[in-house]
Amino acid sequence: MFVRIKTTPNSPKKAVQIVESLRDGNKIKQRIVRHVGTALNDDELKRMQELAEHIKASMEQGSQPGLFPAEEIAEIAIQARNRQTDESLPVDLKKLREQQRVIVGIHEVYGRVYHEIGFDKVISNPKRKPAAVKNLFHVVMGRIANPKSKMATVMDLSENFGVELSLPSVYRMMDQIDEKVISNIQQRAYRTACGLFKRKIHVVFYDCTTLYFESFTEDELKENGYSKDMKFNQPQVLLALLVTEHGLPIGYEVFPGSQYEGHTLEKAVKKIEDDYRISDIVFVADSALLSDDNLKLLERLGKRYIVGARLKSMSKKYQEKIIDKTDYRILTKPDDENEYSIKEMLVNNRRLIVSYNEKNAKKDAHDREKSIERLISKLRKKNTNPAKLISNFGYKKFLQVKGNATVEINQEKIEREKLWDGIHGIITNHPDLTPEQIIRQYHGLWQVEQCFRLSKHDLKIRPVFHWTPPRIKAHIAICFMALTCTRYLHYRIKTQHTTLSEQQIRQKLLSAQISILKHQQSRILYGVPSSINPDVKKIYHLMGMKISDVPFRIN
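With the working numbering, letter number 80 in the sequence shown gets 66, and the count goes up by one each step, no holes.
If you're looking for bench data, these hints aren't it; they were derived computationally from the structure.
Just so it is clear, CB atoms sit at the ideal spot from N, CA and C, and this is done for glycine as well.
Heads up, some of the hints might be wrong.
Capping the alpha-carbon separation at 20 Å, the derived lysine to any residue pairs in SDA-like fashion look like this [stated by the list, open to error]: (1) K282 <-> S299; (2) K(-1) <-> D29; (3) K532 <-> I62.
Computed Cβ-Cβ distance ranges for the label pairs, DEER-style [said to hold, decoys possible]: (4) N(-4) <-> D310: 49 to 57 Å; (5) Q423 <-> E252: 24 to 32 Å; (6) A138 <-> S497: 18 to 26 Å; (7) I309 <-> N396: 12 to 20 Å; (8) E150 <-> A347: 51 to 59 Å.
With these hints in hand, go ahead and build the complete structure from the sequences.
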């Protein structure tokens, strides 16, 4: 097999196809194995070629998802549908009774992704531990489909997916997810990203978030600390995530909850060098990770960085230069029509890129006005506690205290705040990138933020209901696997020109179901697929899978 680029005369369109050569007598013919997509420009062509090479490699290695032994009704049904024939099915409908309606779209499509990544091989000696391998697969599928507690997941898999697991066996599986398995999981995710792009990963987005627990007992991992969810009285852990510029997770680290996120960077650098053998890389992070010590650490290690700048923490001399817009120059942000004005200056031998955007300025002004309106409303209430207002992060900067207990709006602070509307700063030590390239790479930080949003809200990585450090780490590993499968499938589909979000893809696949009917006399089982949504059909097609709504015999 090979990847072929097919051009169309007088058209910029280029079709990317996986083709194999077949001998027909004395002639060699070519057969299209998979149409990957149609590229409209060079950038799309490059990404589609990389994706096609990745798909071809998977097909050549035979990494089609081999489902587990037929122990669950859903697995039996999926296998039967895949081998169905054109034979007629004479049956008396009056003698058929529905046994169960099972969701198969999640296991079929995300199951394909799961096996392509190689997650079925992360547990040591998988052939000797089939139960653990099976349980891990189904629990990850369950988390993608409907993230709940492990007990609720077991019930959901039984009721809606035709998969029978026991809760004790799930916990035993989690106890086998040790540091070696976690390393295998991350290595599989990293190698998948490398295989997709056929080139070295040069840009890594890095960010941290806190995960709190429904427990008030601390241990060596769960510790009280600064919480981004304002759960200061509950133990938590700190999760640091590494993501490629295309939004694919490649690794993570778990730190004790009391760890300041700015102190996690050194371990991340070591992880990238030791585990992934990457030396030439640019770190992109937000200002929460910015400290002079961190920047000096990266500089000492010879690493490039692009980080958000804390402009209001700079000296008055630099602040006055920043808010003076007379020497800003106009440029257009590369990926949309928003117009930016920028200026560049040197701060402590580091490049500071300051940008101004009118759209963001209007948003900043609107947000401030709303905040002040709420603050004024609270000040007018007689029972308002001034101490609570002063300690509030959003209100404090607009207040001033007079006398012993009088709190009022500080107009001077508000006017000063207006000068910063729409202004944002980035600090870098990269000597070769243009300001436009630096801004574009920093704006790519939304990829890791999207991963956090997806894992927090859609995969519900928190709050976490496990108590022991090994179980907590196993839970996070399962969530990381679900996140990787979700982002990988989304990237595959987006690259092939289908604009469906992760949430939409999941919802569409949840609608791919099979009704299991049983003949009252012969006890024969039949499968009746649900009607096929056009988007579902497209998802299957883009993954090189067939889907049919033709009823079939199961046994």
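Hint by hint, here is what the structure shows:
| no. | hint | result |
| --- | --- | --- |
| 1 | K282 <-> S299 | holds, 18 Å |
| 2 | K(-1) <-> D29 | holds, 12 Å |
| 3 | K532 <-> I62 | holds, 17 Å |
| 4 | N(-4) <-> D310: 49 to 57 Å | holds, 52 Å |
| 5 | Q423 <-> E252: 24 to 32 Å | holds, 27 Å |
| 6 | A138 <-> S497: 18 to 26 Å | holds, 21 Å |
| 7 | I309 <-> N396: 12 to 20 Å | holds, 18 Å |
| 8 | E150 <-> A347: 51 to 59 Å | holds, 58 Å |
The structure shown violates none of the earlier numbered hints.
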